[in-house]
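Each chain, written out:
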Amino acid sequence: MSFVQNFPFFSIIIAMFSGIISSVLDAKKARNLSLAAIMVTTGMSAAVLVFCLRTGESYTYMMGHFPAPWGNEIRAGVLEGLTAFFFGVVMLLSVVGGLDHTAKDVEKTKQNLFFIMIDLMLSSLLALIYTNDLFTAYVFVEINTIAGCGLIMIRQIGRSLLAAIRYMIMSQLGSGLFLIGLSLLYDVTGHLLMSPAKEAVAGIEAAGIYALPMLVIVAVISVGLAIKSGLYPFHSWIPDTYGYATPTASAILSGLVSKGYIFLLIKIFYRVLGRENVVASQIVNVLFMFGLAGMMLGSVHAIMQKDTRRMIAYSSVAQIGYIYMGIGLGTTAGMVAAVFHIFTHSATKALLFISAVGLYEVSDDKKDFRSLRGAGYRNPLAGIGFSVGSLSMVGFPMLAGFISKLLFATSALQSPHKMLPTVIALAISTILNAVYFLRLVITLYSIPEKGLEKPLDNGSKEKPPIHSSWKLRLAVLSFILLNLFLGLYSQPIVGAIENGLAMFA
Amino acid sequence: MGAPLFVNMEETISIILFGIGFTMLLLHRNLIKKIMGMNIMDTAVYLFLAVKGYINGRMVPIVVDGIQDVSAYINPVPSGLVLTGIVVSVSTTALMLALTIRLYERYGSLDLDEILIRMKEEERP
Numbered sequence: 001m002s003f004v005q006n007f008p009f010f011s012i013i014i015a016m017f018s019g020i021i022s023s024v025l026d027a028k029k030a031r032n033l034s035l036a037a038i039m040v041t042t043g044m045s046a047a048v049l050v051f052c053l054r055t056g057e058s059y060t061y062m063m064g065h066f067p068a069p070w071g072n073e074i075r076a077g078v079l080e081g082l083t084a085f086f087f088g089v090v091m092l093l094s095v096v097g098g099l100d101h102t103a104k105d106v107e108k109t110k111q112n113l114f115f116i117m118i119d120l121m122l123s124s125l126l127a128l129i130y131t132n133d134l135f136t137a138y139v140f141v142e143i144n145t146i147a148g149c150g151l152i153m154i155r156q157i158g159r160s161l162l163a164a165i166r167y168m169i170m171s172q173l174g175s176g177l178f179l180i181g182l183s184l185l186y187d188v189t190g191h192l193l194m195s196p197a198k199e200a201v202a203g204i205e206a207a208g209i210y211a212l213p214m215l216v217i218v219a220v221i222s223v224g225l226a227i228k229s230g231l232y233p234f235h236s237w238i239p240d241t242y243g244y245a246t247p248t249a250s251a252i253l254s255g256l257v258s259k260g261y262i263f264l265l266i267k268i269f270y271r272v273l274g275r276e277n278v279v280a281s282q283i284v285n286v287l288f289m290f291g292l293a294g295m296m297l298g299s300v301h302a303i304m305q306k307d308t309r310r311m312i313a314y315s316s317v318a319q320i321g322y323i324y325m326g327i328g329l330g331t332t333a334g335m336v337a338a339v340f341h342i343f344t345h346s347a348t349k350a351l352l353f354i355s356a357v358g359l360y361e362v363s364d365d366k367k368d369f370r371s372l373r374g375a376g377y378r379n380p381l382a383g384i385g386f387s388v389g390s391l392s393m394v395g396f397p398m399l400a401g402f403i404s405k406l407l408f409a410t411s412a413l414q415s416p417h418k419m420l421p422t423v424i425a426l427a428i429s430t431i432l433n434a435v436y437f438l439r440l441v442i443t444l445y446s447i448p449e450k451g452l453e454k455p456l457d458n459g460s461k462e463k464p465p466i467h468s469s470w471k472l473r474l475a476v477l478s479f480i481l482l483n484l485f486l487g488l489y490s491q492p493i494v495g496a497i498e499n500g501l502a503m504f505a
Numbered sequence: 001m002g003a004p005l006f007v008n009m010e011e012t013i014s015i016i017l018f019g020i021g022f023t024m025l026l027l028h029r030n031l032i033k034k035i036m037g038m039n040i041m042d043t044a045v046y047l048f049l050a051v052k053g054y055i056n057g058r059m060v061p062i063v064v065d066g067i068q069d070v071s072a073y074i075n076p077v078p079s080g081l082v083l084t085g086i087v088v089s090v091s092t093t094a095l096m097l098a099l100t101i102r103l104y105e106r107y108g109s110l111d112l113d114e115i116l117i118r119m120k121e122e123e124r125p
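Protein sequences, first through last, are from chains A and B.
In this text, residue positions in the first sequence follow my numbering: the first is 1, and each later residue adds one.
In this text, residue positions in the second sequence follow my numbering: the first is 1, and each later residue adds one.
No lab work stands behind these hints: they were computed from the structure.
Where a beta carbon is used, it is the ideal one built from N, C-alpha and C, also for glycine.
Any given hint could turn out to be false.
Stated by the list, open to error - Quick list of in silico lysine to aspartate or glutamate cross-link-like pairs, EDC-like style, CA-CA up to 16 Å:
| hint | chain 1 | residue 1 | chain 2 | residue 2 |
| --- | --- | --- | --- | --- |
| 1 | A | LYS367 | B | GLU123 |
| 2 | A | LYS306 | A | ASP368 |
| 3 | A | LYS306 | A | ASP240 |
| 4 | B | LYS120 | A | ASP240 |
| 5 | B | LYS52 | A | ASP187 |
| 6 | B | LYS120 | A | ASP307 |
| 7 | A | LYS366 | B | GLU123 |
| 8 | A | LYS198 | A | GLU276 |
| 9 | A | LYS198 | A | ASP187 |
| 10 | A | LYS28 | A | ASP100 |
| 11 | B | LYS33 | B | ASP113 |
| 12 | A | LYS28 | A | GLU107 |
| 13 | A | LYS471 | A | GLU361 |
| 14 | B | LYS33 | B | ASP111 |
Unchecked claim - On the chain A side, residues computed to face chain B include the following (Cβ under 7 Å):
| hint | residue |
| --- | --- |
| 15 | GLU142 |
| 16 | ILE146 |
| 17 | LEU161 |
| 18 | ALA164 |
| 19 | ILE165 |
| 20 | MET168 |
| 21 | GLN172 |
| 22 | LEU173 |
| 23 | GLY176 |
| 24 | LEU179 |
| 25 | SER183 |
| 26 | ASP187 |
Chain A on its own, in the form it takes in the complex (with noise of 0.2 Å):
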């Protein structure tokens, strides 16, 4: 065995412990930690990831040493290894791009928790990505969930404390539906881990019972999952939560926390639910449906916000739905479209909430579209990552947008019933983006009102102009380039996909 394989434990060991460990530093040192965590977690996953891509094959690695039906397990392949490293980095350019914003939002001796909920999440993400178990991922759900909560809770204004609890209800009722999915599934296999629990579905399957209670498991599961990750119908939280946490909060939950969630859903319909089986008990339908009608109806709710912040939250219901849309299709090539929606995502919207507090710190920290106006000028770096990640949710050639948005629609082609709503939907949704986006960036660009640019520019005068700090800068470089990588660079990336989840089967 390499000690390669070792690392997917190791890095949610040390995640976990940095969290522990930073309950006793101070604020500093506890930041300092945290960061350092996430680097050497993104590593371990690199590590993994080219291990894997060498082998060609995916590893379970064993967890106490009790042999397979009972033990517990860790599983790693090309996807596992992908998605972890792709998190790791999104997390750490959060993280950094938002630290004065962090230091600001957050009271002085409570800093150090505020980097304990980093490296929980940290920690639970990867356990979801890498886990081979079923209550295992269910027990890091629940953490995943309570750091999230810490997270938004942190910054201890009204808005943020309501957002918190709303999400912490929602959150509880989609756990709630996963928990007794789990039960069922255990009931009805007699196994919790991933494989044996796989075999024994075929198993039902092939014998022709338990239909009904099947059946049941399948929409309890994908149901309970889509209510934490924010599909359409359950959306009630996001704006709140994302609109009003800490900007690195905002970039995590929003980039990472619901995506964590969708994979752990991905996994499941493979490596336990089988993909036939779950095609065929008609439940992508539904997906596919709530995925269309978040696409859309997202979208408008985006176009009617004031606040833009809460504009960018709501962009993240219609992206949700983009990535159900794609596990609705049922299809590989949806699956893959998914799955590379995942990363635009989570590279974009991280960059639009990152260098969105940019363009907010030159505007007197108002968020409405008329302060912000002129914004791109005041802070250019940070205008042209907003731009980009606008340009890139709409599906500009070149961004990682347009290679998600051009997969759902070849892989729409393939699958005959659902083609022509999947793209009308696309096209819809496409100009409703536009719509919205659009319109900001042409406000960042545009002069400011003669009655409003004096008091701007008297302030100016007094005090020096503000220039973001280079974290914040940094972060946002980073971000453009992540963008334009995925956009760019595209088809080893997909190929990696398509095999991890070949993998998977």
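Given chain A, put chain B in place with the hints provided.
Okay, now just chain B, sitting in the frame of chain A:
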């Protein structure tokens, strides 16, 4: 139709309880009642697991009088799951209650809609 429901009475009850808890958590406006609903929902799942793990006429899986035969004991895994689940639900309940206290101190109400109204009034310049 009705017969299987009576044979598996415990499972039926636990699913009904789950539904009650779920609906309370979703629809009730009072935060404390929402938290109660969440606990009912979680407990219903534990009841379900415990019932499913019990096999009639068998013992707790602790070896005391030297019987090593597997068929003498019940399945210990669901009990383990219940214990883990209880730990999780205790921590989420604690977090929710802490949040509720914060909201009550700030807005003086436990009603979610009322809190929203007061918050909007507060924000109005």
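Here is what the structure says about each hint:
Only pairs whose Cα atoms come within 16 Å are accepted, and LYS367/A paired with GLU123/B is accepted, the gap being roughly 15 Å. Annotation: proposed proximity of LYS306/A to ASP368/A holds, straight-line Cα distance about 6 Å (limit 16 Å). Pair hint LYS306/A plus ASP240/A holds up; C-alpha atoms about 14 Å apart against a cutoff of 16 Å. This hinted pair checks out: LYS120/B and ASP240/A have alpha carbons roughly 13 Å apart, not beyond 16 Å.
As the CA atoms of LYS52/B and ASP187/A are separated by approximately 7 Å, the hinted pair is consistent with the 16 Å bound. At most 16 Å may separate the alpha-carbon atoms for a hinted pair to count; LYS120/B and ASP307/A meet this at roughly 15 Å. With a CA separation close to 14 Å, the supplied pair LYS366/A and GLU123/B stays within the 16 Å bound. At roughly 12 Å between alpha-carbon atoms, LYS198/A and GLU276/A fall within 16 Å of each other, so this suggested pair holds.
Proposed proximity of LYS198/A and ASP187/A is supported: the alpha carbons are some 14 Å apart, at most 16 Å. Between LYS28/A and ASP100/A the CA atoms are separated by roughly 12 Å; this keeps the pair inside 16 Å, and the hint holds. The suggested pairing of LYS33/B with ASP113/B holds, with an alpha-carbon distance near 14 Å, which does not exceed 16 Å. For a cut-off of 16 Å, the pair hint linking LYS28/A to GLU107/A stands: about 13 Å separates their Cα positions.
Proximity of LYS471/A to GLU361/A is assessed by CA-CA distance (about 14 Å); at most 16 Å being required, the pair is judged to hold. Restraint check for LYS33/B and ASP111/B: satisfied, since their Cα atoms lie roughly 10 Å apart, inside the 16 Å limit. Interface hint status for GLU142/A: upheld, as the beta-carbon distance to the closest one in chain B is roughly 5 Å, under 7 Å. With 7 Å as the threshold, the beta carbon of ILE146/A comes within range of chain B, its nearest partner Cβ sitting at about 6 Å, so the hint holds.
Proximity of LEU161/A to chain B holds as hinted, the smallest CB-CB distance being about 5 Å (cut-off 7 Å). Interface hint at ALA164/A: satisfied, since its Cβ lies 6 Å from the closest Cβ of chain B, which is below the 7 Å cut-off. The closest approach between the C-beta of ILE165/A and any C-beta of chain B is roughly 5 Å, which is under the 7 Å cut-off, so the hint is satisfied. Restraint check, MET168/A versus chain B: the minimum CB separation of about 6 Å is within 7 Å; hint holds.
Evaluation of the GLN172/A hint against chain B yields a held restraint, the C-beta minimum of about 5 Å falling below 7 Å. A hinted interface residue such as LEU173/A counts as satisfied when its beta carbon comes closer than 7 Å to some beta carbon of chain B; here the least separation is about 6 Å, so the hint holds. Because the closest C-beta pair between GLY176/A and chain B is about 5 Å apart, less than 7 Å, the hint holds. A distance limit of 7 Å between C-beta atoms decides the matter here; for LEU179/A the minimum to chain B is near 5 Å, and the interface restraint holds.
With 7 Å as the threshold, the beta carbon of SER183/A comes within range of chain B, its nearest partner Cβ sitting at about 5 Å, so the hint holds. A cut of 7 Å between beta carbons decides the hint on ASP187/A: the least distance to chain B is about 5 Å, and the hint holds.
No hint from the list above goes unmet by this structure.
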